[in-house]
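Line by line, the protein sequences give chains F and V. Going letter by letter, the first sequence gives residues 38 to 212 in the numbering used here. Going letter by letter, the second sequence gives residues 243 to 579 in the numbering used here.
None of these hints come from the bench; they were simulated from the model. Treat the hints with caution; some may be incorrect.
[As the list claims (entries may be wrong)] To be clear about the criterion: a stretch of chain V counts as covered by chain F if any three or more of its residues have a C-beta under 8 Å from a C-beta of chain F, and this derived list gives those stretches: (1) 250-256; (2) 263-277.
[Said to hold, decoys possible] Cβ-to-Cβ under 8 Å is the rule here; a few derived chain F residues that face chain V: (3) R39; (4) R47; (5) H69; (6) D72; (7) V75; (8) S76; (9) Y98; (10) K150; (11) L155; (12) L163; (13) V165.
[What the hints assert, rightly or not] Ranges between beta-carbon positions, derived for each pair: (14) F:S175 - V:A524: 46 to 54 Å; (15) F:S91 - V:W437: 19 to 27 Å; (16) F:H69 - V:W554: 43 to 51 Å.
The beta carbon of each residue, even a glycine, is placed where N, CA and C say it ideally should be.
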Amino acid sequence: LRRTDEDDFRAFATARIPAMRRSAYLLCGDAHLADDLVSVVLIKLYRRWRRVASFDHPEAYVRRILVTTWRDELRRPWRREQVAAAIPDRPMYDTDQSDRFALMPLLARLTPKRRAVLVLRFFEDLSVEQTANIMRCSPGTVKTHTHRALADLREQIAHAKTPVQVAIADLEEQT
Amino acid sequence: VNNDTLRQLLAESATDEALGPSRVNLDRIVVAGRRSLIMRRAAIGLVAVGVLGASLAVPLWVRGPTTAPQQVTIPAATTATDDPAHTGAPATTAELIEAWALELESGPTAPASSPGQTITVTVHSVLDGEPTEPGRFSVEREGLMLVDGGEFSIEQRDRFAQTGPTFLMPTAEWFSGLDTHPESLLQVIKAGGCWVPCANDYQVFGAIADLLRMGDITVPPTVRAGLMRVLGSLDGTTAYEATVDGRELWAIGFPEGPFTVLELYFDPATKRYTGSGALTVATTPDLPECTPRVIVSTDTHQNLDRSSVPEWCNSAIPLPQPVRNNYGFTQQALVTP
């Protein structure tokens, strides 16, 4: 890259790193891995920067690289044992955050696609169509994943034991 | 779960406290990105293989024992189009290429192939004058596909199943049937050395570089000599003897824009490929009016506004002495299960 392009890249990266770290963390559930993911995404972005910089919404492209990079990471054999492909039958007990609803362990039980859809739609606040574009699937598939992800969460919350979790579960039943 | 509740919970989960201090180092990313642009396809594999879980800045070049930025001189009159007929002048690129190619022809033969063989590639690099931790990755001997490159490996295997052996994914048998005449070799590279047919000399140079970086140990000496001649035929190539990290090497330079010359090194002692580098040959003007306004300044970097800087500030000013502070050496070992 020429120096001007590189400055642009740095400016973009600096502005986006905090948000990328949060999204990456919600996707993978590990702060260190999140930073690794962000770093890999930024290297990939650097390689394509001249092209990406001309896009109307480079952020959407960056989100897509983040999701695909994370999913590549899930495919690594030494990580595979950490990925729960299905929700286990046993209830969730969250001991260290008794007064707060601990979402991360619940997210960890979701399949990668369901988790990604939740993060993109409810953390990044993207529309169904934007999410579909990033996930490279149809809007209908996004809706299905969202529906099932929320159902999975509900099922887990139904087994939850902390007062706040129970309260939220009750709340959910009313809505 | 109610949508708004979920939004709130997600936001509460990704707090600064949960994330801790950022370990994302933009300077290292930029350095890795620069390397990776130069070594494009090999870099995909390296990034895929090595970055996560290990160190972030996977060295894309290999490092020698000691190092400092090196000042180098390229003989002025050595371009591929020079007329070698006149006497008394320094050897031209064409003369050097032919002499070196003849030497390479007597290089070591590739070890016999056996099922399941892999090549372990160890890369010692110097990046911006700083030695880095050695990087290591493995490829399958037949097809040079990454052993553990995640999605990229799957992509490579699909590709191999579709196309069979190509310059991008060569096998021992494929090498043995190759016509090593530079013109036909060039056609083979253009057709199958890139993921889509190679579009220009820059991509041909990259295809040759990638093959040698990963699979030089499997390349028959006549093919290596043929590749040297193909390199010599590319527009803008220069050939010169270079001292890199104290080693006397044969260097093939290829311009990448006005600021950089990419280099491939061959070792006269082993008559094999040994590494690659990049020469900085020009810089932008260092004048007050070319200094951009600082938007943000932190400990590690600055964000600069270059929009107010005139366009001519991006023009290339040739350096009196080119600087080589990015280079590396590759070691390849065949592993037979």
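Each hint, compared with the structure:
Here the region 250-256 of chain V counts 6 residues with a CB under 8 Å from a CB of chain F, which clears the bar of 3, and the coverage holds. Counting residues of the region 263-277 of chain V whose CB lies closer than 8 Å to any CB of chain F gives 11, so the stated coverage by that chain holds, three being the minimum. Satisfaction of the interface hint for R39 (chain F) is found here, the shortest Cβ-Cβ separation to chain V being roughly 6 Å, below the 8 Å cut-off. Taken as an interface hint, R47 (chain F) checks out: its beta carbon lies about 6 Å from the nearest beta carbon of chain V, inside 8 Å.
Taking 8 Å as the C-beta cut-off, the interface hint given for H69 (chain F) holds, the closest approach to chain V being about 7 Å. Hint on D72 (chain F) holds. Least Cβ distance to chain V is approximately 4 Å, under the 8 Å limit. Satisfaction of the interface hint for V75 (chain F) is found here, the shortest Cβ-Cβ separation to chain V being roughly 5 Å, below the 8 Å cut-off. At about 5 Å, the closest approach between the beta carbon of S76 (chain F) and any beta carbon in chain V falls short of 8 Å, and the interface hint on this residue holds.
A least Cβ separation of about 16 Å between Y98 (chain F) and chain V goes past the 8 Å threshold, and the interface hint is therefore violated. Using the Cβ-Cβ criterion of 8 Å, the hint placing K150 (chain F) at the interface with chain V is not satisfied: the shortest such distance is roughly 15 Å. A cut of 8 Å between beta carbons decides the hint on L155 (chain F): the least distance to chain V is about 7 Å, and the hint holds. Hint status for L163 (chain F) relative to chain V: violated, with the closest Cβ pair at about 12 Å, above 8 Å.
The interface hint given for V165 (chain F) is violated, since its Cβ lies 12 Å from the closest Cβ of chain V, which is over the 8 Å cut-off. Against the hinted window of 46 to 54 Å, the Cβ-Cβ separation of S175 (chain F) and A524 (chain V) comes to about 50 Å, which satisfies the hint. At about 22 Å, the CB distance of S91 (chain F) to W437 (chain V) agrees with the hint of 19 to 27 Å. In this structure the hint that H69 (chain F) and W554 (chain V) lie 43 to 51 Å apart at CB holds, the actual value being about 45 Å.
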